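*Asks:* Residue strings, one per chain:
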Amino acid sequence: MTTKARTEYEVVVGVEVHVQLKTRSKMFCACPRDYYNAEPNTHVCPVCLGAPGVLPVINREAVHFTILAGLAMGCEIPAESKFDRKNYPYPDLMKGYQISQYDRPLCVGGALEIEGDDGPKTVRLERIHLEEDTARLLHRDDGAEPYSLIDVNRSGVPLMELVTKPDMRSGHETAAFLRTLRQLLRYLEISDADMEKGSFRFDVNLSLRPRGTQPLGTKVELKNMNSFRSAQRGVEFEVQRQSAILESGGRILLETRGFVDATGETASQRSKEEAHDYRYFPEPDLPPLRIPAEEVAALRERLPELPDAKRARFEREYGLPHDEAALLAETRARAGAFEEAVRAAGDPKRARAVAHWLIGDVARHLNALGADAELADTRVTPAHIGELARLVEERTVTASSAKEVLDAAFESGEMPAAIVEARGLRIVSDAGAIDEVARRVIEANPKAVDDYRGGKESAIKFLVGQVMREMRGRADPNGATEALRSHLEAGR
Amino acid sequence: MATLDLDVPAHEHAARMRAGDYTARALAEATLARIRAQEPALHAYVTITEELARAQADAADARLRAGDAAPLVGIPVGVKDLLCTRGVRTTASSRMLERFVPFYDCTVVERLQAAGAVIVGKTNLDEFAMGSSTEHSAFGPTRNPWDLERVPGGSSGGSAATVAARGVPISLGTDTGGSIRQPAALCGILGLKPTYGRVSRYGVVAFASSLDQVGPFGRDAEDVANLLGAIAGHDERDSTTVPVPVPDYTAGFARGLAGLRVGVPEQFLERGLGPGVREAIEEAIAVFEHAGAIIDRSVALPTAGAALAVYYIIAPSEASANLARYDGVKYGFAVTDGASVEAEMSETRGRGFGSEVKRRIMLGTYALSAGYYDAYYLKAQKVRTVITREFESAFAEHDVILTPTSPTTAFRLGEKLEDPYAMYLNDLFTIPVNISGDPAISIPCGFADGLPVGLQLIGRHFDEATLLAAANAYGEATDAGKASPAALP
Ligand SMILES: [Zn+2]
Chain A
1106 MTTKARTEYE
1116 VVVGVEVHVQ
1126 LKTRSKMFCA
1136 CPRDYYNAEP
1146 NTHVCPVCLG
1156 APGVLPVINR
1166 EAVHFTILAG
1176 LAMGCEIPAE
1186 SKFDRKNYPY
1196 PDLMKGYQIS
1206 QYDRPLCVGG
1216 ALEIEGDDGP
1226 KTVRLERIHL
1236 EEDTARLLHR
1246 DDGAEPYSLI
1256 DVNRSGVPLM
1266 ELVTKPDMRS
1276 GHETAAFLRT
1286 LRQLLRYLEI
1296 SDADMEKGSF
1306 RFDVNLSLRP
1316 RGTQPLGTKV
1326 ELKNMNSFRS
1336 AQRGVEFEVQ
1346 RQSAILESGG
1356 RILLETRGFV
1366 DATGETASQR
1376 SKEEAHDYRY
1386 FPEPDLPPLR
1396 IPAEEVAALR
1406 ERLPELPDAK
1416 RARFEREYGL
1426 PHDEAALLAE
1436 TRARAGAFEE
1446 AVRAAGDPKR
1456 ARAVAHWLIG
1466 DVARHLNALG
1476 ADAELADTRV
1486 TPAHIGELAR
1496 LVEERTVTAS
1506 SAKEVLDAAF
1516 ESGEMPAAIV
1526 EARGLRIVSD
1536 AGAIDEVARR
1546 VIEANPKAVD
1556 DYRGGKESAI
1566 KFLVGQVMRE
1576 MRGRADPNGA
1586 TEALRSHLEA
1596 GR
Chain B
18 MATLDLDVPA
28 HEHAARMRAG
38 DYTARALAEA
48 TLARIRAQEP
58 ALHAYVTITE
68 ELARAQADAA
78 DARLRAGDAA
88 PLVGIPVGVK
98 DLLCTRGVRT
108 TASSRMLERF
118 VPFYDCTVVE
128 RLQAAGAVIV
138 GKTNLDEFAM
148 GSSTEHSAFG
158 PTRNPWDLER
168 VPGGSSGGSA
178 ATVAARGVPI
188 SLGTDTGGSI
198 RQPAALCGIL
208 GLKPTYGRVS
218 RYGVVAFASS
228 LDQVGPFGRD
238 AEDVANLLGA
248 IAGHDERDST
258 TVPVPVPDYT
268 AGFARGLAGL
278 RVGVPEQFLE
288 RGLGPGVREA
298 IEEAIAVFEH
308 AGAIIDRSVA
318 LPTAGAALAV
328 YYIIAPSEAS
338 ANLARYDGVK
348 YGFAVTDGAS
358 VEAEMSETRG
368 RGFGSEVKRR
378 IMLGTYALSA
388 GYYDAYYLKA
398 QKVRTVITRE
408 FESAFAEHDV
418 ILTPTSPTTA
428 FRLGEKLEDP
438 YAMYLNDLFT
448 IPVNISGDPA
458 ISIPCGFADG
468 LPVGLQLIGR
478 HFDEATLLAA
488 ANAYGEATDA
498 GKASPAALP
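Here the protein sequences line up with chains A and B, keeping their order.
Positions in the first sequence are counted from 1; adding 1105 to them yields this note's numbering.
Positions in the second sequence are counted from 1; adding 17 to them yields this note's numbering.
Don't take each hint at face value.
Claimed, not checked - Which bits of chain B does chain A cover? Going by a derived footprint, with three or more residues having C-beta under 8 angstroms, they are: (1) 387-400; (2) 470-478.
As the list claims (entries may be wrong) - If you anchor each label on the Cβ, the simulated ranges turn out as follows: (3) B:TYR438 <-> A:ALA1349: 25 to 35 angstroms; (4) B:ARG429 <-> A:GLU1121: 53 to 63 angstroms; (5) B:ALA356 <-> A:LYS1328: 18 to 28 angstroms; (6) B:ALA439 <-> A:ARG1405: 58 to 68 angstroms; (7) B:VAL261 <-> A:PRO1183: 25 to 35 angstroms; (8) A:VAL1365 <-> B:ALA360: 41 to 51 angstroms; (9) B:SER357 <-> A:LYS1328: 20 to 30 angstroms.
Hints in this document: simulated from the structure, not taken from any laboratory.
Here the structure is a predicted model, which means the values were calculated and not measured.
Don't be surprised by glycine CBs; every beta carbon is placed ideally from N, CA and C.
Kindly produce the complete structure, drawing on both the sequences and the hints.
*Replies:* Structure below.
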């Protein structure tokens, strides 16, 4: 009797990401782009309504934003690009076609470095192109029968579509790519890249193949994931589902499947037979788009320092450990606040202390405000943090008082030095006063004294803590240690 | 002091109004009265805009009193019902848009208003400008003023017929494959298709975006020149308009025909011409030659014969996308009792569009479909480039190219309605010019069997001035185009 060896499968993943760009106006008309808090159908005009006879005009800012993304990912920017019509009938598509880019996108190739399953990894891009978003259908069921309303505010919002090559090999890598991409887009300040607002949406294409083989398996398109976690879970579920089918000798169907958040599973939405023929053809209302080399050069000048470069510089310039540098470089705002605070602290040597404040107590305050809160959303500025680090470093306040100062600053916005004075938090280094307290603490804690004298050196930490408590944290910890030690040695 | 005579051209009205002979309001009232009297027989209009005309005429009178000498102040004009007019329904002669009232003006209408013109009505056309006889209007055909049993041509048949019938002195049409020039020829007036990119298409209901151009009708070259001057020029709302300066088109009239190098491609005179057409064209060529033009019959446009095929791939392809928006969801005709949204959209289009429009949407959808795109659309674009180059090289040695505008004179109502291909052949001479994007004018050049014949002059890119100067000189040298049709009030 022979046993059949179980085949090990490898998943091959590529993603398509749609990103709403944070331009002032829409892609092809002058309507304001930002509709998040607008009443339905208030940011509309004949062009984005798809009224008869009106014509699109290209928003150059959207073109620039897309090229910025391309440059940040090392894409080639062809000198000429063009728009095409993508035809499909749907009630949310005001013209019955979407203006998109078919065979001559704004950006070609490129890559993004991510933290892969086995260390750093390069995910190559196929292309990045520009198109327009559709209107939004709002489905209602509050009458005799269900009906739908259309909000045209979103129609014509600039939408950048990025397509990767099938370079990811797990749900975790898929999520890592999406996270890294979102960070980059936010760094470039070209998009909110906010999944809840719908400004960062993605579909996943995946297939399985026996590990070690080259040909790709049957492709399944996965939709409806609205978090990085659901991207990871969706891919992982598909790996299990498809492995089981292949293992039992079945065939994978070429289809589109939707991820169901509640169950963590996927369900079939549409098979290949129902797929659209989009009948692309060049948009006759828009002449080919020329991108002069000087324009690309000027945009390259506008590129900010990118997350990886910034992290590396923080390690080098401020002597920060990798993880701390990475945390500070996570958002452009946090990185900016860090460097400004270091300047305010008056000495680059205080960078480490500033970093600890930002990663520790400041982060705790921000987390309480919400997931994406930044320092700028509070009354505390980088100048506060810098001053606080300086006050601790110069031994004007103790570390424990400093926490109270920070809390007060978040409360009132007052500067740390002023808070220290107002609250009498200045450090007490007066040897007489500390000595007096030290003596009382020794008397009140015979057990700790015995421990210390019995050779347990660490017992002194407890006693220092008691001195600090007595003096409401203002005691100079070095002075307190010295005073305690002299009493303890003297009484031996 | 001259009396109010509706048969004079616009520039004559302008002079008389400036002289104080009559007001713009009086001219508007007389015009409206004549249009109303002619309409039962002619049916040139979808909508007569009496109130708008009166308000614009009063505004024009204020400008005239203030000494405004712009050529179109107070001049009545008919506007093809494909051009969106704010607050005035714009139907494209389709059931689909029967009750559609735009909330915006097209650029051309804005410019007309700025020029002081008085819009008296929206003229009839083949539905969505698809046709050559105006019989495809959902609201009934327009008749030819020279013979009410015959078509005025199309698609801008209403605009041509009302000018020929002396209803208005000037009007606007659009030309995608000959829709200005062919009706101008069949109605015995002048009609000009500008260079693609010369006049804004913003707010003009789109048929075939890479071919459509708005252009003027008139009874003499000066009126056509003044109307073109008022509407031409770059528009930032239309990215396909070109920032080439607009010249004073009448300033070049002094040139005349002397030394004008005229290419006459024999291929356009050899086949399929109706009786009397070749004779009228040859007579006109003789007039040109007599006035000092240099006639060259050796010019060849070998690929121009393929233009019709190219056109019937590109135009329906673009139309199939342009007309996708008419689905009953947002505006216009809508079927609302369907089983699903998809069923309602489908039923709306099935009932809202006429047969010719549906035929072209299906042609275009087919040509763009996966597996056919390369063989049809892409190949057509390549041939288009070849045709454009042939015109370019012809213009290296010629100032204009002269052809008949239409192979025949006006045909009878219903004669070609059941034979789309015979109808399409009507545009054999006009279509190559839309394919190449060049400007062209149709000029009346006499009659065949009592029906007007038109000749077409094609010019270089953005050289409408030469066409207008030649048309003016030809008009002064002959009495062609000066006769009036007798049949109407
Ligand atoms: Zn808009």
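*Asks:* Each of the hints needs a verdict: does it hold here or not?
*Replies:* Taking the hints in turn, this is what the structure says about them:
{"no.": "1", "hint": "387-400", "in the structure": "holds (count 3)"}
{"no.": "2", "hint": "470-478", "in the structure": "violated (count 0)"}
{"no.": "3", "hint": "B:TYR438 <-> A:ALA1349: 25 to 35 angstroms", "in the structure": "60 angstroms, violated"}
{"no.": "4", "hint": "B:ARG429 <-> A:GLU1121: 53 to 63 angstroms", "in the structure": "58 angstroms, holds"}
{"no.": "5", "hint": "B:ALA356 <-> A:LYS1328: 18 to 28 angstroms", "in the structure": "26 angstroms, holds"}
{"no.": "6", "hint": "B:ALA439 <-> A:ARG1405: 58 to 68 angstroms", "in the structure": "60 angstroms, holds"}
{"no.": "7", "hint": "B:VAL261 <-> A:PRO1183: 25 to 35 angstroms", "in the structure": "28 angstroms, holds"}
{"no.": "8", "hint": "A:VAL1365 <-> B:ALA360: 41 to 51 angstroms", "in the structure": "29 angstroms, violated"}
{"no.": "9", "hint": "B:SER357 <-> A:LYS1328: 20 to 30 angstroms", "in the structure": "22 angstroms, holds"}
The structure is inconsistent with the numbered hints 2, 3, 8, although it conforms to all the rest.
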